[in-house]
Amino acid sequence: MDVLINLVLFGMMVTTALAILRMRRLFAVVMLSGVFSLLSALLFVTLDAVDVAFTEAAVGAGISTVLLLGTMALTSRKEKMPRKFSPIPLLVVVVTGAVLIYGTLDMPSFGSADSPAQTHVAAQYLERTPKDTGVPNVVTAILASYRGYDTFGETVVVFTAAVGVLILIGGFARRRDEEEEGTD
Amino acid sequence: MFLVATIALFIGMCLVLARLYAGPSLYDRVLAGNAFGTYTVLFIGVLGFLMGRPEFLDIALLYALINFVGTIAVLKYFRYRSIGDTSPTPYGEPTPVGKLKDRGARS
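Residue numbers (numbering that gives the first Met the number 0), protein chains in the order written: chain H, 0 to 183; chain F, 0 to 106.
These aren't lab readings, by the way, just hints derived from the structure by calculation. Everything numeric in this text was worked out from a predicted model, so none of it was measured. One or more hints might be untrue.
Claimed, not checked - Here are the simulated DMTMM-like cross-link-like pairs (lysine to aspartate or glutamate), alpha carbons at most 25 Å apart as the crow flies:
(1) F:Lys75 to F:Asp27
(2) H:Lys79 to F:Asp57
(3) H:Lys77 to F:Asp57
(4) F:Lys75 to H:Asp149
(5) H:Lys130 to H:Asp105
(6) F:Lys75 to H:Glu55
To be verified - Here are the simulated distance ranges between beta carbons:
(7) F:Leu14 to H:Leu167: 37 to 43 Å
(8) F:Lys75 to H:Phe151: 46 to 52 Å
(9) H:Leu46 to F:Lys75: 31 to 37 Å
For every residue, glycine included, the Cβ atom is placed at its ideal position computed from N, Cα and C.
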């Protein structure tokens, strides 16, 4: 049954991706890409990676939708028709996909107990976390305590990016208004 | 029983996807996107019970929040024609629907 649910979700994701390819109205494409993120979040939930799923939903369906809509407000709402069929991008995509699928052949199967992720340091972390930090959730302890500086750096990067985007969007809108006032 | 609910949710998702692809007006698509978010919330809840892990219900609540904020952002885009700056129309005065198309075509 697990496999069946995964298959249905994958089928819907493929359908959505094909719809995004065929669509020329960019607003519909934005909504469809939000749906695509939600579907992949569902897939992560069925794989028990709930935190990854939540990040995917927040970034893919939340922030990306808003940013894409903001970009659409500044540019065009329709995609131009491609002038001619270009084989090189298709080739690059197919080759990259084939290499990625080839890469998964080496990976341990889902949930196997002797995969490197289970045997290496995970056991030590599980053992030491309650003693070292006193935080009941091990993932939180690793993120905020053992790798605190790492997380701090990531937060600074994301914050800087957000400030930059806000300045870009706000600055563009204001400049456009000033130009309009000048010409009117 | 949860299996039947899951199948019903899948059928509903397919219908919503079809509306999102075909929907003639923008508002059909906004509504379809919002409905798909709701289906996500429901599916995570049902999946929790189906897999014997009812604590997924808490996660489903978070998805409801994301869906709400996303829909608000899309509707705000329609009202003010931009996300970061709301100066084109003052607060409390929505752009008339007839004008929306002109503004969209210009920007």
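Tested hints:
1. The straight-line distance between the Cα atoms of F:Lys75 and F:Asp27 is roughly 16 Å, inside the 25 Å bound, and the hint therefore holds.
2. For the given pair, H:Lys79 sits about 43 Å from F:Asp57 by alpha-carbon distance, which is inconsistent with the 25 Å threshold.
3. Of the pairs offered as hints, the one joining H:Lys77 and F:Asp57 is violated, with about 39 Å between alpha carbons and a cut-off of 25 Å exceeded.
4. Annotation: proposed proximity of F:Lys75 to H:Asp149 is violated, straight-line Cα distance about 36 Å (limit 25 Å).
5. For the hint pairing H:Lys130 with H:Asp105, the CA-to-CA distance comes to about 36 Å; that exceeds 25 Å, so the pair is violated.
6. Our distance criterion of 25 Å between C-alpha atoms is met by F:Lys75 and H:Glu55, whose separation comes to about 23 Å.
7. In this structure the supplied range 37 to 43 Å holds for F:Leu14 paired with H:Leu167, their Cβ-Cβ distance being about 38 Å.
8. In this structure the supplied range 46 to 52 Å is violated for F:Lys75 paired with H:Phe151, their Cβ-Cβ distance being about 32 Å.
9. Judged by the Cβ atoms, the range 31 to 37 Å given for H:Leu46 and F:Lys75 holds: they are separated by roughly 34 Å.
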